Structures are given as structure tokens and as C-alpha cells.
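Number of protein chains: 2
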Amino acid sequence: MMEGSLTLDKMLERAEKLFPIKQIVSRTSSGITRYGYKEMGERTRRISSVLKNLGVKKGDKIGTLAWNDHRHLEAYFGIPSMGAVLHTINIRLSPQHIAYIINHAEDKVLLIDSDFLPLVEAIKDEIPSVQSFILLTDDEELPDSKLEPLYSYERLLDQGDPTFEYTEDIDENDPAGMCYTSATTGLPKGVVYSHRGITLHSMAISLADAAAISESDVCMPVVPMFHANAWGMPFASTWLGSTQVLPGPKFTPALLAELIDQENVTITAGVPTIWLGLLKELETGEKEYDMSSLRAVLCGGSAAPLGMIRKFETKYNIPFIHAYGMTETTPLVTLSRLKSYQDDLAEDDKLAIRSKQGYVVPGLETKVVNDTGEVEWNGEDMGELLVRGPWIADSYYNDERTKDAFQDGWLKTGDIVTIDSEGVIKIADRTKDLVKSGGEWISTIDLENVLMAHDAVFEAAVVGVPHPEWQERPVAAVVLHPNTTATKQELFDYLKPQFAKWWLPDDIIFMEEIPKTSVGKFMKAKLREQLHDQLEV
Amino acid sequence: MMEGSLTLDKMLERAEKLFPIKQIVSRTSSGITRYGYKEMGERTRRISSVLKNLGVKKGDKIGTLAWNDHRHLEAYFGIPSMGAVLHTINIRLSPQHIAYIINHAEDKVLLIDSDFLPLVEAIKDEIPSVQSFILLTDDEELPDSKLEPLYSYERLLDQGDPTFEYTEDIDENDPAGMCYTSATTGLPKGVVYSHRGITLHSMAISLADAAAISESDVCMPVVPMFHANAWGMPFASTWLGSTQVLPGPKFTPALLAELIDQENVTITAGVPTIWLGLLKELETGEKEYDMSSLRAVLCGGSAAPLGMIRKFETKYNIPFIHAYGMTETTPLVTLSRLKSYQDDLAEDDKLAIRSKQGYVVPGLETKVVNDTGEVEWNGEDMGELLVRGPWIADSYYNDERTKDAFQDGWLKTGDIVTIDSEGVIKIADRTKDLVKSGGEWISTIDLENVLMAHDAVFEAAVVGVPHPEWQERPVAAVVLHPNTTATKQELFDYLKPQFAKWWLPDDIIFMEEIPKTSVGKFMKAKLREQLHDQLEV
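From first to last, the protein sequence lines are chains A and B.
The first sequence begins at 1 in full-length UniProt numbering and counts up one residue at a time.
The second sequence begins at 1 in full-length UniProt numbering and counts up one residue at a time.
FYI, nobody ran anything at the bench for these hints, they're computed from the structure.
Don't take each hint at face value.
Since the list gives no way to pick one copy over another, a pair counts as held whenever it fits inside one copy or between any two copies.
What the hints assert, rightly or not - Here are the computed lysine-lysine pairs in the DSSO-like style, where the Cα-Cα straight-line distance is at most 27 Å:
id : residue 1 : residue 2
1  : 350       : 17
2  : 287       : 432
3  : 52        : 496
4  : 38        : 350
5  : 521       : 287
6  : 38        : 367
7  : 58        : 488
8  : 315       : 412
9  : 496       : 315
10 : 146       : 501
11 : 350       : 432
12 : 58        : 432
13 : 350       : 250
14 : 501       : 52
15 : 412       : 57
16 : 432       : 124
17 : 403       : 52
18 : 350       : 311
19 : 38        : 339
20 : 488       : 57
21 : 52        : 521
Since the structure is predicted, the reported quantities are computational estimates derived from the model, not experimental observations.
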């Protein structure tokens with residue numbers, strides 16, 4: 001068989017040739033831009049030629065601080081296709097961390113949306129590797145800026161070559177992109193994506209049994225393009241010639257609903273928070289929206305509340321697909337679809353299966369292990385999820401923490417899961433959050449989910465606190481809804497019938513707010529400290 | 001990213017673990033066998049362990065002379081997963097050619113369906129590389145045979161290890177299978193399939209925009225498993241956990257209709273002849289069949305008559321998907337699907353597009369070239385189709401003819417095609433059959449298709465005959481339906497409005513029969529000789 005050829009320039013070329021008139025709909029701060037893959041290809045080739053003229057060479061890292069829009073999409077293909085590396089920077093990290101990752105990756109050029117110009121200006125003296133700054137803006141004039149040299153993306157394109165050919169000798173195992181994990185503790189860790197990994201991942205998510213992305217789809221990634229490649233959707237959609245809708249900066253739930261309605265979006269992807277917002281807009285917003293074009297909502301990042309999925313599906317007829325992955329896995333690992341022989345189950349049983357993380361997609365392997373080896377597939381025994389396969393990272397970029405996470409050819413995800421007799425995985429906890437009580441494990445996520453299903457509870461986080469006899473015991477921190485009340489005893493009475501006795505928290509503590517990270521995840525280390533203080537008092 | 005791992009043992013393992021109860025329905029000479037992927041996996045591991053005990057080593061070729069049934073499926077995985085090479089032998093080749101390819105591949109073991117025992121016995125002295133013969137049969141007792149040593153597959157399985165582990169160090173580029181082309185002239189040519197090629201091909205055919213093979217499908221490959229891996233369907237179906245229906249030996253159209261009806265087949269694949277037979281059974285057979293489970297009929301191998309597609313779709317509501325490929329391409333290259341913006345075209349226009357060969361699937365590249373370079377995408381200019389990509393052969397196995405077919409990294413398909421503005425390919429002719437008249441090309445297939453659409457014409461073949469002035473001129477050989485008449489003049493009058501004047505055949509010659517190859521293709525070289533004699537008289 002012929003070798004090689006799983007490279008991103010091939011994906012772009014297919015879209016240019018076969019789908020020149022299929023549209024990319026891009027929302028920027030100045031409105032909506034529309035063009036076809038022919039024009040997208042020409043602009044992509046222009047930016048590649050310009051970067052080459054700026055001295056960018058094979059293997060150089062190019063950082064992007066950008067929203068989901070057409071220019072970012074051009075960077076997605078223009079940078080890797082010329083042999084350089086697309087470094088998507090998570091703009092929600094702290095300025096210190098952003099400076100750290102730009103330095104760590106040694107970015108040579110930064111592509112910056114004008115919204116992030118102040119951010120980059122503030123750290124400009126800390127990022128000496130950057131030789132050129134390119135501003136992503138519709139404005140004709142460049143603003144006054146401390147960055148030097150600062151170019152306008154559009155003015156550079158004017159000088160670019162729309163017929164630029166990708167002749168760089170790229171091996172499919174060469175790096176195409178990189179992304180740093182958003183750390184809850186410590187410094188961000190860099191993950192490098194190869195051309196091969198991205199290509200295979202694009203195939204995998206487009207399988208009929210995965211997200212089934214097709215030419216006939218109108219794909220709207222709401223998950224940011226700076227977060228695990230927007231789950232690979234822009235790559236797959238381009239390859240297959242789907243229409244793309246890129247929702248741009250600072251969108252609201254109302255705006256997303258409007259885009260779905262107006263552009264006839266068929267598939268969209270994002271974290272549960274986004275869909276909670278959309279649901280609220282549908283239920284209480286002023287406008288009526290037509291959501292009937294939607295055939296699938298991909299939901300991942302964290303576990304989606306069952307009640308939300310039920311409401312979307314029964315009230316609005318919008319099918320949810322729960323998925324699991326992480327920055328290290330490009331990201332798709334599992335996807336929750338019923339098996340055909342489960343079609344006859346009761347609706348609630350089906351929903352219970354589909355609210356789990358699902359089973360592994362073709363091309364990857366998973367196993368669930370604890371101290372004694374692989375756990376039984378009984379849906380009860382907990383173990384850490386290990387993953388391997390051709391779109392799984394094999395290391396962190398220049399990082400000593402590689403040896404902790406990558407062992408014997410497997411990625412240790414740090415997620416504690418159960419696996420049932422159908423091979424369906426359910427996240428029970430993060431390794432570091434799990435409560436180890438008397439040699440047994442207690443899932444904080446299970447306790448939190450049940451607590452948060454209580455009418456009076458707005459948020460709940462459970463952490464393990466040291467215990468002289470049992471090693472650790474769970475304690476729950478609870479934030480109540482405004483204008484509601486619930487006593488400690490009421491909550492204990494509510495929990496009791498739902499858990500084994502030894503799973504029940506030793507205490508429930510009411511708080512004003514639970515500390516969170518920049519991306520909205522519970523900051524359990526900090527909570528543990530706070531509770532520690534409180535419990536000792 | 002992690003490397004490697006695109007190997008067939010991974011596919012099998014996924015089916016065993018995730019789909020243990022999904023069924024394989026296999027028809028053999030003694031009836032229908034049903035089992036799940038758990039049992040299929042155990043039997044597959046048994047046969048691997050047995051072959052190892054028989055001395056089979058990594059890289060050894062194992063030949064199969066077998067129908068589409070469960071034992072052949074076990075060989076599909078059991079042989080490559082242990083590092084050996086599955087050589088599927090086309091049992092419709094002449095005994096001389098079968099002996100040639102067994103020798104050329106140096107098959108070490110042969111798996112033989114009892115139907116082909118006499119065939120192998122007849123050539124036994126000509127195939128010295130074969131050390132063991134294994135009989136695929138349900139019979140308890142082995143028949144008397146000249147083959148030595150001859151084993152019973154089922155008795156060997158009894159001794160095999162159902163937990164045999166695939167620990168052989170296999171690289172994804174290692175050979176997994178091989179298949180020889182059915183030659184119309186000269187000796188058969190061997191094509192070697194790698195683990196990687198088969199895996200990527202399995203992904204490609206399962207994409208939503210290709211055949212969309214899914215766990216929920218009931219897949220019935222009618223195309224033989226000795227012919228380009230039954231178009232890859234057994235590999236993909238196993239990987240994805242689809243139900244499989246394997247129709248076994250000597251099936252009739254009535255039997256296929258019954259299997260579709262009884263087993264609720266959702267997707268099937270085969271050559272146009274098969275579907276012509278099925279159509280006749282549906283129209284004139286004694287029984288009524290329920291075909292409503294079918295969501296797709298994959299049709300390839302040669303061009304499907306438009307009238308047949310129309311009848312299947314309008315009368316029986318059975319959607320056809322036209323595809324193109326060859327032994328050298330694993331085989332899928334193009335697949336005929338409408339683009340979403342073509343949905344509003346008139347039914348006849350859509351059918352006209354879908355009766356072409358379609359556009360290239362993701363992962364491959366095609367180009368169409370003539371003497372002056374790439375042809376325009378205008379649907380008129382003819383050129384040879386070139387293909388490249390990770391599931392395209394890069395050579396013929398130990399064969400000097402490699403240098404003719406593989407040039408500059410491309411496979412020259414030998415097919416003359418047009419490509420239209422949408423990138424849709426239409427086969428005009430085989431290179432060697434094309435008529436070159438006065439520097440211009442005439443498609444014999446176009447002439448034949450129009451002739452065969454005439455009510456009185458049963459078969460028509462057009463060949464080029466030497467001409468002193470024009471180099472070559474087309475001559476048509478026509479076989480009329482029994483009990484019908486048509487004069488030469490009538491046929492000329494019928495052709496005239498449909499072609500440019502210089503495309504019209506110089507003569508139309510009525511015949512009793514057109515010479516054909518073992519697989520039912522016109523043997524144009526022989527026809528050319530016959531006509532040559534007739535024209536000189």
C-alpha cells in the first residue's frame with residue numbers, strides 16, 4: 001500500500017476542489033461574513049505564503065488568540081499545511097499562564113483577535129520568542145499599540161499568494177497543532193497533535209456511529225477553537241464539505257438560538273453550561289426559535305445533568321449525544337449511543353445509559369484498572385481509565401510530568417470510572433478528588449449529582465477530609481438557591497435512601513460560593529483548605 | 001501522538017468485547033449457523049492457535065477457496081491477526097490460473113470449502129509450496145481425498161485455544177491480505193493489502209457520507225469474499241459490531257430476497273448482475289418479499305444500468321449507491337452521493353448524477369490525465385483516472401508489470417473517465433478498449449449502454465477495428481433478445497440522434513453470443529479477433 005498522505009493540506013484541497021460553493025458563515029465583532037471553500041482556500045494559501053515571507057519555517061510554532069471565526073479556521077489549515085504548528089492559546093487562562101505557554105512553546109508569531117490585544121500588550125516583555133504580531137480585525141486601520149511589529153491580517157492577505165502550493169515535505173507524524181491543558185493545579189501542560197492524529201480523529205468523529213458528520217450538515221462548534229481543536233469539528237467539517245457556522249466572540253444563548261434557527265444548524269457541540277443557557281433561553285426568552293433543523297447536540301467537557309438532556313429531547317425534540325475526551329486525546333474517546341438491541345428499553349432506562357460517557361470509538365482502546373488489575377465490567381467497581389491509540393498523546397511537550405501520565409504505552413487519564421457489562425463508561429471522579437474511606441472508594445461526583453438534583457440546592461461539591469480511623473471521609477459543601485431553605489437534616493434524609501451508609505458525608509456545610517477555576521470547574525484543592533479551616537474551628 | 005495500532009486484531013477485539021451477543025448469520029451447504037461475536041472471536045483464536053501449531057509463521061501466506069460464510073470470516077481475522085497473510089483465491093479463475101497464483105504467492109496452507117476439493121485435487125501436483133490442506137465442511141467425516149495431509153477445520157478447532165492471544169509484533173504496514181486481479185489478458189496480478197490500508201478503508205466506507213456502516217446495520221455482502229475483500233464489508237461490519245448475513249454457496253435471487261426479508265438486511269453489496277437477478281425475482285417470482293428493511297444497495301464492479309436503478313428506487317423504494325473501485329484500491333475510490341444543494345433537482349437529473357461513479361472519498365486523491373496533462377472538469381474531456389492514497393496498492397506482488405501501472409506515486413487505473421464540474425467521475429472506457437479515431441477518443445461503453453437500452457437488444461459490445469485512414473473505427477456486435485427482430489438500419493436510425501456522427505459504428509454485426517471472461521465481463525480481445533475474421537470475409 002502507498003504510505004503517508006494523512007496530512008491536513010489534503011483535507012483543505014478536497015474542500016476547495018469538491019465543495020467550492022459550500023459556505024462558511026462566520027460571526028465577527030463587525031457582523032456576519034459568508035464565503036465558500038474556494039475563497040476560504042485562497043485566503044488560507046495567502047496567509048501561508050505571508051507567514052513564509054515573515055520567515056516561518058517547518059516546525060515553527062504560531063500562536064492564536066482567537067474566537068471561533070473564519071480567520072481562525074484559515075489559521076487551522078494555513079499553519080499546519082505549510083509545515084508549521086498551530087498553537088491555539090486558551091484565552092481564559094491567567095495572563096501569567098498565557099505568557100508561560102507562549103514561552104514554553106516558543107511561539108514565533110502570534111495571531112491576535114483585537115479583543116485580546118490589551119492582554120498581549122500586558123505580557124509583551126515576557127514573550128521574547130515572538131517576532132511578529134498579526135491582528136485579526138475587520139478594521140481598516142491598525143490601532144496604536146505597544147506591539148512591534150504589528151501587522152493587519154487582512155492587509156497581509158492582500159499581499160499573499162492565493163495559489164500558494166503546499167510543497168513542504170510533511171510526514172504524517174509531524175506536529176500540526178498544539179494545545180495546553182487548563183491546569184487546576186500547577187503549570188499548563190502542552191499536548192502536540194500530529195497530522196495523522198488529527199486526520200484519523202476526523203474520520204472517527206464522522207463515522208455513522210459517532211457524530212456522523214456529513215456534507216449535508218451545518219456544523220456549529222460552540223466549544224472554543226482554542227480548546228482541543230473545538231473537538232475536531234472544524235477539521236472534519238472542512239474535509240467533508242459541511243457548511244460551517246462559527247459563532248464568534250461573546251455570544252449569548254439568544255444569539256446561539258438565533259444562529260441555529262436562521263442558519264439551519266444540524267449539529268452543534270459544547271459543554272453542559274452552554275446548553276443549560278440555551279435551555280433557559282428557549283424556556284424563558286422573549287423570542288420563539290425554530291430548532292427543528294438540529295439533528296444532534298454533542299455534549300462533553302463535564303457530565304451533562306440527566307434532567308437537562310430529558311428536557312431537550314422530550315420538550316424540544318433535540319437529540320443529545322454525550323461524549324468524553326480530554327485535551328490529551330484530540331479529544332474524542334467515548335461517545336454515548338444506544339446499541340440497536342437496546343431500542344426496546346423503557347425511555348428512562350435508555351436515558352440512563354445515554355447519560356453515561358458511552359463506549360470507546362473505533363480506533364482506540366481503553367482499560368479500567370485499580371491496584372489489583374483490570375476491574376470487572378459490572379458498572380460498580382471503580383478504576384482509573386487508561387487510553388491508547390493513534391490520536392492519543394504519548395507525552396507532554398518538554399515536560400517532566402510526562403512520566404506520571406504516560407506509562408507502558410497508555411495514557412492515564414486521571415479519571416476514575418466504572419464500566420458496565422456493555423462496555424459503557426461512567427465517570428465517577430477525578431483520581432485526585434476521589435475519597436478513599438477505609439480502603440474503599442467513594443465517588444464525589446455521584447454525591448454531588450444527587451445533591452444538585454434537590455430543589456433547594458444550587459451547587460454542591462464533595463471533598464475528602466483526613467480522618468484518623470478511615471483515612472478520609474467525605475464532606476459536602478452546599479450552596480442553596482436564593483430564597484430557598486433546607487436544613488442539614490433535610491439533606492441527610494434526602495441522601496440516605498440513595499446511598500450505602502458509609503458513602504454519606506460526615507458533614508454538610510452551607511456556603512455562599514464554591515471556589516472555581518477560570519473555566520468554571522470546582523477548585524477542590526482550595527475548597528479542601530477552606531473546609532479544613534472550618535472543620536478545625 | 002502514539003504510533004502504530006492500525007491492525008486487524010484490534011478490530012476483532014473490539015467486536016468481542018463490545019458486541020459479544022451481536023449475531024453472524026451464516027449460510028453453508030448444510031443450513032444456517034448463527035453465533036455472536038464472542039463465539040466468533042473464540043473460534044478465530046482457535047484457528048490462529050492451530051495454524052501456529054501447523055508451523056505458520058509471520059508473513060506466511062494462507063490461501064482460502066471459500067464462499068461467504070462464517071468460517072471464511074474467521075479466516076479473515078484469524079490469519080492476519082497472527083501475522084500471516086490471508087490470500088483469498090478467486091475460485092472462478094481457471095484451474096491453471098489458480099495453480100499459478102498459489103505458486104506465485106507461495107501459499108503454505110490452503111483452507112478449502114468442500115465444493116472446491118475436486119478443483120484443488122486436480123492441481124495438487126502443481127502446488128508444491130502447500131504443506132497442509134484444511135477442509136471447510138460441516139461433515140463429521142473427512143472424504144477420501146488425494147490431498148495430504150488433509151485436516152477437518154472443525155476437528156482442528158476442537159484442539160485449538162479459544163483464549164489464544166495475538167502477541168505477534170505486527171506493524172500496521174505489514175501485509176494482512178492479498179488478492180489477485182482477474183485478468184482479461186495475461187496472468188493474474190497480485191495485490192497486497194496492509195493492516196493499515198484495510199483499517200483506513202474500513203473507516204472510509206463507514207463514514208456517514210460513504211456507506212455509513214453502523215452497529216445498527218444488518219450487512220449482507222453478496223460480492224464474494226474472494227473478490228477485493230467483499231469490498232471491505234466484513235472488516236468494517238465486525239469492527240462496528242453490525243449484524244452480518246453471509247449468503248454462502250450457490251445462492252439464487254430468490255434466496256437473496258428471502259434472506260433480506262427474513263433477516264431484515266439493511267445494507268447489501270454486489271455487482272449489477274446480482275441486482276438484475278433480484279429485480280427479476282421481485283417482479284416475476286412466485287413469492288412476495290418484504291424489502292422494507294433495506295436502506296442501501298451498494299453497487300459496483302461495472303456500471304449499473306440507469307433503468308434498473310430507477311426501478312429499484314421508484315417501484316421498491318430501495319436506495320442504490322453506485323460506487324467505483326478495483327482490486328488494487330481495497331477497493332473503494334469513489335461513491336455516488338448527491339451533494340446537499342442538488343436535492344432540489346428534478347428526479348431524472350438526480351438519477352443521472354447518481355448513475356455516474358461519484359466523487360472521491362475522504363483520504364484518497366484522484367486526477368484525470370491525458371497526453372496534455374490534467375483534463376478540464378467539464379464532463380466531456382476524457383482521460384485516464386489516476387489514484388493515490390493510503391489504501392491504494394503501490395505495486396503488484398513480485399511482478400514486472402508494476403512499472404506500467406504505478407508511476408510517480410500514482411496508480412494508473414486503466415479506466416478512461418470524464419470528470420464534471422462537481423468532481424463526479426464517469427467511466428467512459430477501459431484504456432485498452434477505447435477507440436482512437438483520427439486522434440479523438442470514442443467511448444465504447446457509451447455506445448454499448450445506448451444500444452442495450454434498445455428494446456430488441458440483449459447484449460452489445462463495441463470494439464475498435466484497424467482503419468487505414470482513421471487509425472481505428474468502432475464496430476458493434478449485437479445479440480438480440482429471442483423472438484425479437486431489429487435490422488441494422490433500425491439500430492443505426494436509433495443511434496444517430498444520440499451521438500456525434502463520427503462516433504457511430506462503421507458496422508453493426510449480429511451475433512449469437514459475445515465472448516466473456518470467467519467473471520462475466522466482455523472478452524473484447526477475443527471479440528476483436530472474431531470481428532476481424534468476419535470483416536475480412
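Taking the hints in turn, this is what the structure says about them:
no., hint, result
1, 350 with 17, "between (42 Å within a copy, 21 Å between copies)"
2, 287 with 432, "neither (44 Å within a copy, 66 Å between copies)"
3, 52 with 496, "neither (65 Å within a copy, 57 Å between copies)"
4, 38 with 350, "between (43 Å within a copy, 24 Å between copies)"
5, 521 with 287, "neither (31 Å within a copy, 63 Å between copies)"
6, 38 with 367, "between (44 Å within a copy, 18 Å between copies)"
7, 58 with 488, "neither (61 Å within a copy, 67 Å between copies)"
8, 315 with 412, "neither (39 Å within a copy, 55 Å between copies)"
9, 496 with 315, "neither (31 Å within a copy, 62 Å between copies)"
10, 146 with 501, "neither (61 Å within a copy, 73 Å between copies)"
11, 350 with 432, "neither (31 Å within a copy, 58 Å between copies)"
12, 58 with 432, "neither (39 Å within a copy, 44 Å between copies)"
13, 350 with 250, "neither (35 Å within a copy, 42 Å between copies)"
14, 501 with 52, "neither (65 Å within a copy, 54 Å between copies)"
15, 412 with 57, "neither (34 Å within a copy, 35 Å between copies)"
16, 432 with 124, "neither (35 Å within a copy, 66 Å between copies)"
17, 403 with 52, "neither (36 Å within a copy, 37 Å between copies)"
18, 350 with 311, "within (14 Å within a copy, 39 Å between copies)"
19, 38 with 339, "between (40 Å within a copy, 16 Å between copies)"
20, 488 with 57, "neither (62 Å within a copy, 69 Å between copies)"
21, 52 with 521, "neither (40 Å within a copy, 53 Å between copies)"
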